[in-house]
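**Q** This is what each chain is made of:
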Amino acid sequence: MKTHEADIFRKRSLTERWIAAVLFTCAAVSIVVTAGIIAVLLFETMDFFGRVSLSDFFLDTQWTPLFADKHFGIWPLMAGTMLTTLFAMLTALPLGLSIAIFLSEYAPERIRRFLKPIIEILAGIPTVVYGYFALTFMTPLLQKFIPDLAGFNSLGPGIVMGIMITPIVASLSEDAIYSVPASLREGALALGSTRLRALRHVILPTAFSGIAASFILGLSRAVGETMIVAIAAGQQPVLTLDPRVPIETMTAYIVQVSLGDTPHGTLEYSTIFAVGSMLFVITLTFNLIALYLKKKIQRGVL
Amino acid sequence: MSISNEHPYMSVTAASNDAHTENGIRRDYTGLREDAALIKTAGLTAWFGSMQALKGIDINIAAGKVTAIIGPSGCGKSTFIRCLNRMHEVVPGARVEGSIFYREHNVYAPNVNPVMLRRQIGMVFQKPNPFPMMSIKENVLAGLPLQGKNTTNRDEIAERALRQAALWDEVKDVLDKPGSSISGGQQQRLCIARALAIEPEILLMDEPCSALDPIATAKIEDLIHTLRQTITIIIVTHNMQQAARVSDYTAFFYMGELVEYSDTDTMFRAPHNSRTEDYITGRFG
Ligand SMILES: Nc1ncnc2c1ncn2[C@@H]1O[C@H](COP(=O)(O)OP(=O)(O)OP(=O)(O)O)[C@@H](O)[C@H]1O
Ligand SMILES: [Mg+2]
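Quick note, the sequences are listed as chains P and X, same order.
Just so you know, we're using this note's numbering here: the first sequence kicks off at 1 and counts up by one.
Just so you know, we're using this note's numbering here: the second sequence kicks off at 1 and counts up by one.
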């Protein structure tokens with residue numbers, strides 16, 4: 001008895017304390033770096049809005065900071081992002097949810113265990129590959145059906161972006177559906193339900209917040225996705241909802257300016273921080289919603 | 001052929017009343033005269049993969065009566081009742097041999113649709129499993145959308161089922177609250193109401209009181225007493241007193257076999273088999 005008590009109150013060993021210190025440093029560094037990024041973003045954005053008014057930014061419908069006649073209306077870029085995101089989600093939701101339902105409800109356990117990691121690997125393909133896939137395959141393919149589709153457009157990259165996001169949506173939705181307790185599934189079947197009706201009336205509603213979380217995470221990936229749209233959607237910030245014409249997304253604009261020859265410190269250059277802040281706010285909002293929904297599942301509120 | 005939807009059980013009840021008056025017949029091995037049985041199994045064998053959970057069960061279940069299934073943990077009680085409404089096969093790798101007749105239907109015949117069968121043979125599980133996304137009222141009526149039915153007299157059906165389950169007075173003012181927001185005992189009665197709302201001919205209950213306190217248990221036992229007039233009940237229980245209180249017939253299962261089956265009085269007063277006696281007197285299990 002006495003020795004046990006001694007064990008409990010003994011000081012942690014030196015190595016243990018060293019490891020804890022190293023781990024703490026790693027965690028602290030990542031937090032400091034993140035905070036630094038946000039601080040720089042904030043600082044530069046304040047600088048931008050010192051020179052361009054909020055109303056010019058939010059109310060103008062033209063985005064021409066790189067031209068002589070400068071306009072700073074964010075909406076053309078927002079519209080570009082919304083268009084590509086819309087097509088991405090229209091692709092990823094049905095595809096991802098179907099895969100999730102198939103894997104969790106219909107595939108035998110053996111096939112599920114084999115397919116799920118493969119789908120998760122798909123999420124690791126570099127996005128530049130998807131970008132050229134959109135430019136050299138998807139758009140030409142779509143042009144067969146939509147003859148006046150431009151070489152750069154929002155539809156092709158949007159669909160390819162949806163394919164890129166599908167694994168995330170499928171994997172997270174599958175987790176949510178699979179974690180619905182068997183007792184609920186059995187309860188529905190014992191009431192004389194077909195498997196499809198049990199899915200529709202009991203299982204999907206129960207897994208709803210998990211599925212919604214997967215959608216929102218997918219959405220924030222789509223909003224923040226850069227490579228595909230920079231390669232295949234164009235560089236023309238026009239305020240349009242036409243899926244056939246070249247557009248420019250917020251992310252693609254940031255790439256354009258940071259890779260171009262715009263000198264640092266100029267007003268033109270500082271636009272990318274304003275656009276970056278917008279992106280940050282949008283994706284942060286989505287991620288917080290997703291986090292909230294996931295918490296709800298873990299609490300068992302479902 | 002699908003399991004028919006009409007409810008001709010009255011005629012069978014008449015037959016079982018016959019059997020009730022003829023005392024000797026109830027004590028044969030299958031427990032009941034053949035023509036009084038609503039369910040007859042022959043050589044019923046059930047497997048989980050390579051594990052055999054039931055080893056040739058022959059039993060006749062009386063129409064319009066309460067039959068209790070007792071036996072030590074793991075002896076196959078749940079497996080047995082899950083075979084009756086074909087819920088056993090929902091478990092991956094589970095299979096069944098032998099035959100079960102429900103009326104004139106061979107339950108495991110290839111042309112029997114288990115979905116239709118389960119509308120006649122309802123089930124209440126050991127752990128209350130209300131659907132968490134549905135309100136109390138939606139839970140009671142869950143069988144309607146799940147069977148693809150659209151009924152106008154929803155309020156009426158919900159009230160009747162909740163009254164039958166002795167829950168109406170407790171929840172009539174909170175029908176729109178989530179089904180999981182009430183106590184465990186109320187949840188279990190909600191699940192019973194949900195099963196009764198689809199008007200099954202047989203109700204299978206798998207240890208419905210094991211998670212409940214004595215008061216909630218007493219309520220469910222009262223409920224079984226009331227229901228027995230309109231419905232055939234098969235109840236699994238670990239509680240000897242409960243079996244003695246609620247059932248007309250009792251079956252003792254041991255290691256996947258049916259060891260003894262007789263009317264409940266005989267079973268508890270003068271069991272024939274020594275293992276039965278050991279079990280009900282608490283010497284093992
Ligand atoms: N899903 C399953 N997979 C594999 N074996 C199972 C499964 N369910 C039950 N079994 C086994 O089948 C046998 C019978 O189980 P069953 O659940 O019918 O017992 P029971 O009499 O209901 O027990 P209890 O009183 O504990 O509920 C047990 O040996 C059990 O281990
Ligand atoms: Mg059991």
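Simulated from the structure, these hints should not be mistaken for laboratory data.
Values in this document were obtained by computation on a predicted structure and should not be read as measured data.
There may be inaccurate statements among the hints.
[Said to hold, decoys possible] Below are the DSSO-like pairs computed for lysine-lysine, each with C-alpha atoms no more than 30 Å apart in a straight line: (1) X:Lys172 - X:Lys55; (2) X:Lys177 - P:Lys295; (3) X:Lys172 - X:Lys219; (4) X:Lys127 - X:Lys177; (5) X:Lys219 - X:Lys177; (6) X:Lys127 - X:Lys149; (7) X:Lys40 - P:Lys296; (8) X:Lys40 - X:Lys172; (9) X:Lys55 - X:Lys40; (10) X:Lys172 - X:Lys127; (11) X:Lys149 - X:Lys172; (12) P:Lys294 - X:Lys127; (13) X:Lys40 - P:Lys294; (14) X:Lys149 - X:Lys177; (15) X:Lys127 - X:Lys219; (16) X:Lys219 - P:Lys296; (17) X:Lys55 - P:Lys296; (18) X:Lys127 - P:Lys295.
[Claimed, not checked] Only part of the chain P face toward chain X is listed, based on derived beta-carbon distances under 7 Å: (19) Thr15; (20) Arg17; (21) Ala21; (22) Leu184; (23) Ala188; (24) Val202; (25) Ser209.
[Unchecked claim] Looking from chain P toward chain X, a few residues come up when the C-beta cut is under 10 Å (computed): (26) Arg12; (27) Gly36; (28) Ala39; (29) Ser179; (30) Ala182; (31) Ser183; (32) Leu189; (33) Ala190; (34) Leu191; (35) Ser193; (36) Arg195; (37) Ala198; (38) Arg200; (39) His201; (40) Lys294.
In this text, a Cβ means the ideal position worked out from N, Cα and C, and glycines have one as well.
**Q** Now, for every hint given, state plainly whether the structure supports it.
**A** We went through each hint and held it up to the structure:
Taking the CA atoms of Lys172 (chain X) and Lys55 (chain X), the gap is near 46 Å; set against the 30 Å cutoff, the hint is violated. Distance hint between Lys177 (chain X) and Lys295 (chain P) is fulfilled; the C-alpha atoms sit about 22 Å from each other, no more than 30 Å. Among the hinted pairs, Lys172 (chain X) with Lys219 (chain X) is consistent with the structure: their alpha-carbon atoms are about 17 Å apart, no more than 30 Å. Using a Cα cut-off of 30 Å, the hinted pair Lys127 (chain X) and Lys177 (chain X) holds, with the two alpha carbons roughly 20 Å apart.
Pair hint Lys219 (chain X) plus Lys177 (chain X) holds up; C-alpha atoms about 22 Å apart against a cutoff of 30 Å. With a CA separation close to 27 Å, the supplied pair Lys127 (chain X) and Lys149 (chain X) stays within the 30 Å bound. Pair hint Lys40 (chain X) plus Lys296 (chain P) does not hold up; C-alpha atoms about 47 Å apart against a cutoff of 30 Å. Distance check on the hinted pair: Lys40 (chain X) and Lys172 (chain X) sit about 40 Å apart at the alpha-carbon level, beyond 30 Å; violated.
For a cut-off of 30 Å, the pair hint linking Lys55 (chain X) to Lys40 (chain X) stands: about 15 Å separates their Cα positions. Between the alpha carbons of Lys172 (chain X) and Lys127 (chain X) the distance comes to roughly 23 Å, so the proposed pair stays at or under 30 Å and holds. Between Lys149 (chain X) and Lys172 (chain X), the direct Cα distance comes to roughly 24 Å. Compliance with the 30 Å bound is thereby established for this hinted pair. In summary, the hint linking Lys294 (chain P) to Lys127 (chain X) is supported, as the alpha carbons are separated by about 25 Å, within the 30 Å threshold.
Proposed proximity of Lys40 (chain X) and Lys294 (chain P) is contradicted: the alpha carbons are some 49 Å apart, above 30 Å. The hinted pair formed by Lys149 (chain X) and Lys177 (chain X) meets the criterion: a straight-line CA distance of about 23 Å does not exceed 30 Å. For the hint linking Lys127 (chain X) to Lys219 (chain X), the alpha-carbon distance of about 16 Å falls within 30 Å, and the restraint holds. Restraint check: the Cα-Cα separation between Lys219 (chain X) and Lys296 (chain P) comes to about 34 Å, which exceeds 30 Å; the hinted pair is violated.
Our distance criterion of 30 Å between C-alpha atoms is broken by Lys55 (chain X) and Lys296 (chain P), whose separation comes to about 45 Å. Restraint check for Lys127 (chain X) and Lys295 (chain P): satisfied, since their Cα atoms lie roughly 25 Å apart, inside the 30 Å limit. Below 7 Å, beta-carbon pairs count as interface contacts, and Thr15 (chain P) has none with chain X, the closest being about 46 Å; its hint is therefore violated. With its C-beta approaching chain X no nearer than about 45 Å, Arg17 (chain P) sits outside the 7 Å limit, and its interface hint is violated.
Hint on Ala21 (chain P) is violated. Least Cβ distance to chain X is approximately 44 Å, over the 7 Å limit. Residue-level restraint check for Leu184 (chain P) holds (minimum Cβ-Cβ distance to chain X is 6 Å; threshold 7 Å). At about 6 Å, the closest approach between the beta carbon of Ala188 (chain P) and any beta carbon in chain X falls short of 7 Å, and the interface hint on this residue holds. Because the closest C-beta pair between Val202 (chain P) and chain X is about 5 Å apart, less than 7 Å, the hint holds.
Hint status for Ser209 (chain P): violated, given a least beta-carbon distance of 10 Å to chain X, over 7 Å. Nearest Cβ of chain X to the Cβ of Arg12 (chain P): about 42 Å, over the 10 Å cut. The hint is violated. Given the 10 Å rule on beta carbons, the hint for Gly36 (chain P) is violated: about 43 Å separates it from the nearest Cβ of chain X. Annotation: Ala39 (chain P) was flagged as interfacial toward chain X, and the flag is violated, the nearest CB pair being 43 Å apart, outside 10 Å.
This hint is violated: Ser179 (chain P) has a C-beta 13 Å from the nearest C-beta of chain X, more than the 10 Å allowed. The beta carbon of Ala182 (chain P) is positioned within 10 Å of a beta carbon in chain X (closest approach about 8 Å), and the interface hint is therefore held. Hint status for Ser183 (chain P): holds, given a least beta-carbon distance of 4 Å to chain X, under 10 Å. The beta carbon of Leu189 (chain P) comes within 6 Å of a beta carbon in chain X, closer than 10 Å, and the hint placing it at the interface holds.
Among the interface hints, the one on Ala190 (chain P) holds; its C-beta lies about 4 Å from the nearest C-beta in chain X, closer than the 10 Å criterion. The beta carbon of Leu191 (chain P) comes within 4 Å of a beta carbon in chain X, closer than 10 Å, and the hint placing it at the interface holds. This hint holds: Ser193 (chain P) has a C-beta 4 Å from the nearest C-beta of chain X, less than the 10 Å allowed. Hint status for Arg195 (chain P) relative to chain X: holds, with the closest Cβ pair at about 9 Å, below 10 Å.
Evaluation of the Ala198 (chain P) hint against chain X yields a held restraint, the C-beta minimum of about 7 Å falling below 10 Å. Restraint check, Arg200 (chain P) versus chain X: the minimum CB separation of about 8 Å is within 10 Å; hint holds. For His201 (chain P), the interface hint holds, since its Cβ comes within 10 Å of a Cβ in chain X; the closest pair sits about 5 Å apart. For Lys294 (chain P), the interface hint is violated, the least distance from its beta-carbon to any beta-carbon of chain X being 17 Å, above 10 Å.
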